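If you read the sequences in order, they're chains W and U.
Per the UniProt record's numbering, the very first residue in the first sequence carries number 1; after that it's consecutive.
Per the UniProt record's numbering, the very first residue in the second sequence carries number 1; after that it's consecutive.
In case anyone wonders, no lab produced these hints; they're calculated from the structure.
Remember, predicted model here, so these are calculated numbers, not experimental data.
Glycine included, each C-beta is placed from N, C-alpha and C at the ideal position.
Where hints are given, some of them may not hold.
[What the hints assert, rightly or not] To give a feel for the contact side, a few chain W residues facing chain U, derived at Cβ under 10 Å:
(1) Thr71
(2) Tyr114
(3) Gly115
(4) Glu120
(5) Ala121
(6) Gly124
(7) Ser125
(8) Met132
(9) Gly135
(10) Glu140
(11) Lys141
(12) Ile149
(13) Gly161
(14) Glu165
(15) Ala166
(16) Met169
What follows is the residue order along each chain.
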Amino acid sequence: MTATEQNAFDVAAAKDRCKRHRKRILDMTQYVTALHVGGAFSSTEIVDCIYYNLMRPGPNGNPVGDDAPDTFLMSKGHGYMIQVMLLVDLGILTEEHLRGYCTPHGILGVHPDYGNPGIEASTGSLGHGMGMALGMAYAEKTRGTNGTIYTVMSDGEVQEGSTWEATLMASSLGVSNLVAFIDNNNMQSATFTTDTHPSFYPVVEKYQAFGWEAVEVDGHDSEAIFNAVQNRSGDKPLLVNCKTTKGKGVSYMESVPMWHYRSPDPEEYKQAIREIDEAN
Amino acid sequence: MRNMFSQTLFECASENPDIYIVVADISPAGPMMDFQTNHPDRFINVGVAEQTMIGMCAGLALKGCQPFAYTIATFTLYRPFEMVRDDLGYQNLPVTIVGMGAGVIYSTLGGTHHTMEDVAVASAIPNMRVLAPCDPAELVEATRYCAYQKEGPVYLRIGKAGEPTFTDTAVDKFEFGKIRYIQKGTDVCILAYGTIMAKAMEVAKELEAKGKSVSVVSAHTIKPLDRPGIEAALNGHDQVIVVEDHVPEGGLSSRVKQIAWDVQAKCKLHTFTLKDEFIHNYGSQDDLLAAHGISVPLILEQVA
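Just chain W, same shape as in the assembly (with noise of 0.2 Å):
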């Protein structure tokens, strides 16, 4: 991409997008409880930026499917409605997928189910997406098809180890054709990791210090998040710690526990509408 590409992110466009799909994630709230909201509104602008601005169309001009040459792995599995979200505006999933979301009928669950369409992994349990990610960053690799593997991982996930484990693995054998984001917004399901494990931080010299280029970003700002990665210098993995909110866009949401997994009951739901809305 050259300079003046980049300088010509759609700012405006990209906000379009994520307050469509913040109000979309509500108004299934509306008829499933089964949702992880907060995390899902943590993900919005990273999981956008992924599918619209850095993973490069296929043939048919989608960024998702056989022929596509990228691949997104959903790590933190919970923040999947953003994920089905973002299918459903590439024309993956479909009206009548939602419909059926958590219903015998259906085939979405509350988590990424592989073999669903523009499901990559099969994701839920936590700390397994990083290892994936490496072989998948290493197969394309090896094999020169030369694919960028995008992974996004939550804070709280981190602390598995597994997550190390596959970290020290990738910087270890090159694979640069891997980036991964942390959605950092602070929390895991009921209590804040600043409190939990306050030895996480600083985040970025770690990555570094375990051989990646890693970077911090507002997680909010869409063309922060894609110059981060597009101003890599590209010789190792990338790591983009992403400083989110949970349940961002709502303000009696934001960095409230239960909204974790909580649905809003209707006049909740009219005043998150109407906040999105509003915002700039």
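Once you've looked at the hints, dock chain U against the given chain W.
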């Protein structure tokens, strides 16, 4: 067996560019060195990181590769169990997990290195198949099967070194999913899998010396177990003996007993397994097996 495995996999990898091997701190020696030298990109040593060994194999398989995960048996399944279950089983990926030195082959290294529950653990996972060839020749067949199959994950339970060959003159050929008669008799049938076959063969010889006509069967595919084959063995002999270096729960013995009940088998049925106890004594593999009731004299005492 490990050298035969390495040799066979090296040959398969030279034919099939999809084959990768991910090892956890196994130093390449002998034929494995040939693999690493000739296919350096497809030999990966993740070191002491078994979760990454399995996760990486899953990622490779998701990209169309045919990966093998390889280390000492106990570390292939127990440490990375959830990766085996979720990444390989749930996603049904064609990855072969090679458990080397299974059973109590690492007899002096203590209980941390004994692999006594692997068949039960692996068999409990949906989609997982379990293969345990009884000698180096059968291992070649099993490895070749694993190197080309695309159906899903396999746990391949193998020995270590110095195992004799029993199947050179076997009555049946190796076929995945079928029990294999090494020799066919009419009175007694001995069922075994893996390296414990050495004991089964000795017991057969002793029983033959006493005038019995003895079948010896390699039940190399423990999952899916050849149910019609087991039923025929139960119905076709007066006495059936199962020998395995595995705990009583979830191994071949418990499956054969289950089938025997289902078909109301009339034969006498004797099973010899490790006890449901960890082993705290040391010595040779034979010493440890004998401590749990698996030796030729102890078996003969029960069955003759």
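So, going through the hints one by one against the coordinates:
| no. | hint | verdict |
| --- | --- | --- |
| 1 | Thr71 | 8 Å, holds |
| 2 | Tyr114 | 5 Å, holds |
| 3 | Gly115 | 8 Å, holds |
| 4 | Glu120 | 7 Å, holds |
| 5 | Ala121 | 6 Å, holds |
| 6 | Gly124 | 8 Å, holds |
| 7 | Ser125 | 6 Å, holds |
| 8 | Met132 | 4 Å, holds |
| 9 | Gly135 | 2 Å, holds |
| 10 | Glu140 | 6 Å, holds |
| 11 | Lys141 | 8 Å, holds |
| 12 | Ile149 | 8 Å, holds |
| 13 | Gly161 | 7 Å, holds |
| 14 | Glu165 | 4 Å, holds |
| 15 | Ala166 | 5 Å, holds |
| 16 | Met169 | 5 Å, holds |
Violated hints for the displayed structure: none, as all numbered hints are satisfied.
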